[in-house]
Amino acid sequence: MTALTVPMKQSIKNRFIPPASAWLTLTVFVLFALAVPRFATFGNIENVLRIASILCIVACGQAIVLILGGIEFSFGSSVALASIMTVLTLPDLGIAGGFAAGAAVVLLVGALNGALIARFDLPPFLVTLGMLMAVAGLAATLAGGLPIDAPLTDAFTWPARGRIGGVPVPIIAAVLSLIALYGLLTHTHIGRLWYLVGANSEAARLSGIRVRLTIFAGYIVASGFCAVASVILTSRVGSGQPGLAPNLPFETIAACAIGGIPLSGGQGRASQVVCGVLIIAMMNNAVVLLNLPVAYQQLMMAAVILGTVVLQRASGPIQMAWHLLARRGGTQ
Amino acid sequence: MRVHAPIPRFGGRFLVAPLCLGIGVLAFAITAPEFLNTGNLQSIVAQMWILGLLAVGQMFAIASRGFDISVGATVALSSTIAALGANFFGLPGLFLGPLAGLGVGTLNGVLIGFVGVQPIVATLGMLVGVRGLSLLLTDDGQVVPLNDTATAARLAFDPVLGLPPAYWGAVAFVGLAAWILNRLAVGRRILMLGSNPDAIHLVGISFARTQIRAYQLCGFYAGLAGVLLTIRAGTGLPTEGTGMELQSIAAAVIGGTALSGGVARVSSVVLGAAFVQVLLTGLNLQGVSPFVAQIAVGLVIIGSGLLEYAIRHLAQVNSRSRT
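Each protein sequence line maps, in turn, to chains A and B.
Residues 112 to 443, numbered by my numbering, are exactly what the first sequence covers, in order.
Residues 1109 to 1431, numbered by my numbering, are exactly what the second sequence covers, in order.
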């Protein structure tokens, strides 16, 4: 089984035509550039990318889980637990050790999720939502409900504020994550297995694939991406926060959905993650620039999520109608 | 039109909720003597119906092989709208709350049943949107005090025949849910959709419409929970209800609703809600921090999934040994 290729729907067509999500991203950018003052400045674009970077890294993990036909909510609190773990272990383990401890916690939560989902066939949403709650409770208990400050040294803040060759570290990490995701999904055996299991786990089982192990591995790799993000987040806030990034899972799911990854599993590409993440980051940024109240922010978010999903669902029939019309035009 | 529902293969799943409830009450009664105070029991019974209504609504969504994570936000919105309505039209204005819930449910249903969006994305989008809407209606989350607090307090706290009128209302609506699920074609269709989506097509029932009904019922009951919350608190609470979506799913699953759809019983779901409430209140009484209670609820949610696995496993072993 060296050359396992999973046929992906429309893969040939998509190679030549830019996907709809790319056009959508471009449209949103142009729209905001025209409507929002100071949006299309160099400094602001770097800002947008900076916002996008953490979201992007976590969304890479989310994409893997979604391709598997699952969903992962527990990212929202496992990053919080990681930040607290980092700050608590900092005096004993040093900075690198603290970050490693935090990352290990995220991996542990992911492994627990994966084990429960793969071994007991539990619905992923139930397990990860329960885990989101339990881990949030654990994080708050450990911290006593309040943020714990970390000693702000240059080394501690480097993952969030440092630059390599003038490019901020988070952005580099995000790009590397995307490359890793692309490589995993298209050039590794396990990546192709994720598509197969997500598309039809029964067929995968019948063809001799170890489905449970594949799912378990998927959740661990996904939490690996989240672990990278947790290091950057902890470094950025400079403290152990029980309420760190509670919207992270929802934003990453929304980003993947907006990018066009169907939540039914078996499909999804790295480029779609980029588009979805950029749209959400631009939106968040525009809302801040326009100084809109939270209510509008949430309504806009809802409109974008539901609007794009409905459009994607409708695009099939529209394309078909277009095709039929074109063919009829051709024969006449 | 008569629609026959599948006979549940394993009735034991409905025994889990009373069992959990019994163990929970016993454990807290032993460890915290004040747990059995009349005052405390009354407060549990009162709290329980809010979660109970939510869980019953959630049950309809889960029975149709979906789920609704926007119910917490719907509670906040309907609570706000009920309070605004009551201040504007007098007490009957409270009924705008369930109507708002019905509206949210309809949108959820149309997105899921008609457009074919995954339940998670549709209800997630609605969750964000509905929260935004309740903030928009209330100037970024200001509570809406009821003008007629005295009547609200009478409805919520003065017992008539042992229970305040508001809770009699909740009991009546839960009874109505049982009637809908067991006796009305809508309820049977929802169960049928959950147990076998292909069959429902062959019988000639509209898939989309049945799904829309399930989410409408879910939204409506969330709206009722919002009204109950408003009456109890004497104010419309536009930021309330976070975490309730999870508690309602946990209550419904502990109450024996199959996550694979098609199996549900209202009385068990109410007992499941009672168990979750006992757990929350009991831990609170023990002087345990709310964060630990949060851990407990999270573990209960995962535990309810494991329980479902065990039941399925047992049922399989059972049927195998029979043949």
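Hints were generated in silico from the structure; no laboratory data involved.
Treat the numbers as computed from the prediction; the structure is a model and nothing was measured.
One or more hints might be untrue.
[What the hints assert, rightly or not] Computed footprint of chain A on chain B, listed as stretches where at least three residues anywhere in the stretch have a Cβ under 8 angstroms from a Cβ of chain A:
#1 1136 to 1144
#2 1204 to 1211
#3 1225 to 1232
#4 1237 to 1246
[Unchecked claim] So these bits of chain A aren't anywhere near chain B, every CB distance computed over 12 angstroms:
#5 Leu137
#6 Ala207
#7 Ala211
#8 Val238
#9 Met242
#10 Pro258
#11 Ala266
#12 Thr268
#13 Val278
#14 Val280
#15 Gly294
#16 Thr297
#17 Ile331
#18 Ile364
#19 Pro404
#20 Ala414
For glycine and all other residues, C-beta sits at the position ideal for the given N, C-alpha and C.
* Taking a Cβ-Cβ distance under 8 angstroms as contact, does the stretch 1136 to 1144 of chain B have three or more residues in contact with chain A? -> violated (count 0)
* To do: May I ask you to check that Ile364 (chain A) keeps its beta-carbon over 12 angstroms from the closest beta-carbon of chain B?
  => violated (6 angstroms)
* To do: Please confirm whether Leu137 (chain A) is truly not at the interface, meaning its C-beta sits more than 12 angstroms away from all C-beta atoms of chain B.
  => Holds, since 23 angstroms exceeds 12 angstroms.
* the stretch 1237 to 1246 of chain B covered by chain A? Criterion: 3 or more residues, Cβ-Cβ distance below 8 angstroms. -> holds (count 7)
* Cβ separation check - Ala414 (chain A) to all of chain B, threshold 12 angstroms -> Not fine: 7 angstroms to the nearest Cβ puts Ala414 (chain A) too close to chain B.
* To do: Quick one: work out the minimum CB distance from Thr297 (chain A) to chain B and report holds if it exceeds 12 angstroms, violated otherwise.
  => With a cut-off of 12 angstroms, Thr297 (chain A) remains clear of chain B, as the shortest Cβ separation is near 24 angstroms.
* Asked: Should the label of Ile331 (chain A) as a non-interface residue stand, given a Cβ cut-off of 12 angstroms to chain B?
  -> holds (18 angstroms)
* Beyond 12 angstroms from every chain B Cβ: check whether that's true for Ala266 (chain A). => Holds: least Cβ distance 31 angstroms, greater than 12 angstroms.
* **Status of the stated non-contact between Met242 (chain A) and chain B (beta carbon gap over 12 angstroms)** => Given that some Cβ of chain B is not farther than 12 angstroms from that of Met242 (chain A), nearest at about 6 angstroms, it is violated.
* Hey, does Val238 (chain A) actually stay past 12 angstroms from chain B on C-beta? -> violated (6 angstroms)
* Claimed clearance of chain B by Val280 (chain A), with the beta carbon kept past 12 angstroms -> holds (30 angstroms)
* Any Cβ of chain B at or closer than 12 angstroms to Thr268 (chain A), or is the non-interface label fine? -> holds (28 angstroms)
Hints 1, 2, 8, 9, 18, 19, 20, counting from the list given before, are not met by this structure.
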